[in-house]
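Enquirer: Residue numbers (my numbering), protein chains in the order written: chain Z, 495 to 691; chain V, 13 to 202.
Simulated from the structure, these hints should not be mistaken for lab results. Each hint should be verified, as a subset may be incorrect.
Unchecked claim - Here are the simulated lysine-lysine pairs, DSSO-like style, with alpha carbons at most 27 Å apart:
#1 Z:Lys660 x Z:Lys581
#2 V:Lys159 x Z:Lys682
#3 V:Lys159 x Z:Lys581
#4 V:Lys86 x V:Lys159
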Amino acid sequence: MAGEPKSSPTTGSWPGRLVRNLLLWLLPAVAVWVLCTPFYNRFLALAGEQLSRALEFPAVTRLYVQETHQVIVTRSDLSGKQGFIYKFRLSDLHFTLVLTVALFLAVPGIPRRRRFENLGWALLISVVFHILVVFFYVKFVYSTQLGAWSNEHYGPVAQNIWGFGKHLLDLPFKLALPFILWAGFYFKDFQQHRRRA
Amino acid sequence: MRTPSPPPPAAPPASAWQRYRRELGFLIFFVLILGASFTLISWNPVNDRVIEPFTGAIARAGGATLNLLGQQTKMEGTVIRSSRFAVNIRNGCNGVEAMLIYFAAVLAFPASWKSRLMGVGLGFVAIQLVNLIRVVALFLTGVYLPKLFDSSHTVVWQTLVILSGVLLWVLWADRFAADPSRAPVEPQSS
Numbered sequence: 495m496a497g498e499p500k501s502s503p504t505t506g507s508w509p510g511r512l513v514r515n516l517l518l519w520l521l522p523a524v525a526v527w528v529l530c531t532p533f534y535n536r537f538l539a540l541a542g543e544q545l546s547r548a549l550e551f552p553a554v555t556r557l558y559v560q561e562t563h564q565v566i567v568t569r570s571d572l573s574g575k576q577g578f579i580y581k582f583r584l585s586d587l588h589f590t591l592v593l594t595v596a597l598f599l600a601v602p603g604i605p606r607r608r609r610f611e612n613l614g615w616a617l618l619i620s621v622v623f624h625i626l627v628v629f630f631y632v633k634f635v636y637s638t639q640l641g642a643w644s645n646e647h648y649g650p651v652a653q654n655i656w657g658f659g660k661h662l663l664d665l666p667f668k669l670a671l672p673f674i675l676w677a678g679f680y681f682k683d684f685q686q687h688r689r690r691a
Numbered sequence: 013m014r015t016p017s018p019p020p021p022a023a024p025p026a027s028a029w030q031r032y033r034r035e036l037g038f039l040i041f042f043v044l045i046l047g048a049s050f051t052l053i054s055w056n057p058v059n060d061r062v063i064e065p066f067t068g069a070i071a072r073a074g075g076a077t078l079n080l081l082g083q084q085t086k087m088e089g090t091v092i093r094s095s096r097f098a099v100n101i102r103n104g105c106n107g108v109e110a111m112l113i114y115f116a117a118v119l120a121f122p123a124s125w126k127s128r129l130m131g132v133g134l135g136f137v138a139i140q141l142v143n144l145i146r147v148v149a150l151f152l153t154g155v156y157l158p159k160l161f162d163s164s165h166t167v168v169w170q171t172l173v174i175l176s177g178v179l180l181w182v183l184w185a186d187r188f189a190a191d192p193s194r195a196p197v198e199p200q201s202s
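One chain only, chain Z, in its complex shape (with noise of 0.2 Å):
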């Protein structure tokens, strides 16, 4: 129809050119990932440690990390070699970051500033939360992983909580939080973008 715009490459459907993006973005997202891996399990250790022990008296928790992946929780009020308790994969937690980088930096027609501030936004909320989930999963070993320690330290009623509060957050929203956070920051765009269409 005559007057009407036609639409240059680099206006192509919107779902199109997010999974183009997402593709580009998605190796690099997993390169930096690996990269800040050893780096960022050691600061959840230390973070996951201080929450822990303060909220616990007396302060007994020691959270250590192991050949990169692994993180060992400790109680010095336990016997046994250095106090080892249990030993869980700390990369397993926050590997849906890569999908968070991904999701923030492939949206189309968002200002590259504000892409990078929201993810900025994103990656802090991000933090905050596996910090709690690292929490959560220290409670979960003590009240459910110890046998008869955990039975006499902890009652059916918080046994449930501490492994119903890490099994929600561990699983449907850790795997969610990508895109409940990328729905909170371009809900309204993806909106917009809908109505224009």
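Mind docking chain V on chain Z? Use the hints.
Expert: Same frame as chain Z, but now just chain V:
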């Protein structure tokens, strides 16, 4: 002499809720549906009667696909075994998490029920297809590149399955989700 009418009072500034009503509504519904659905599948009767048999079906489909690819696998419950590698398909490997995240996003999005049902049906098929590819690819990784199996299992394929759910939702919301609040425009008579 007529006195000039006072200017209309300025509209009160919109509250944060009014400004972000749609986003917040979507996110609150999404989180509630997600939490409720994961609570439901964590309940032992649902897990034993629905999730475990479903996981078994996924394992059988994976085993059958691998046999088509010449891997000569045998099934032992939810374990796919060959002479070179064995993998146990457990909760978490059945695509249910990605499906529930996708379903929660579809149901929370402002759209007609017909669009939502179509989205749920299409999403189920598409996500399970991606998950079947994941099971087959992970088994082959275990056979031919065993050192990469752990990172491929958790980091690579979980990311790809969740990403496929997110992209599927974007596609559904963009192309198929009819917004019930947008009534069709009546043609004007001249």
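Enquirer: Give a verdict on every hint.
Expert: The hints, checked one at a time:
Our distance criterion of 27 Å between C-alpha atoms is met by Z:Lys660 and Z:Lys581, whose separation comes to about 15 Å. Restraint check: the Cα-Cα separation between V:Lys159 and Z:Lys682 comes to about 43 Å, which exceeds 27 Å; the hinted pair is violated. Only pairs whose Cα atoms come within 27 Å are accepted, and V:Lys159 paired with Z:Lys581 is accepted, the gap being roughly 21 Å. Pair hint V:Lys86 plus V:Lys159 holds up; C-alpha atoms about 23 Å apart against a cutoff of 27 Å.
Hint 2 alone, counting from the list given before, is not met by this structure.
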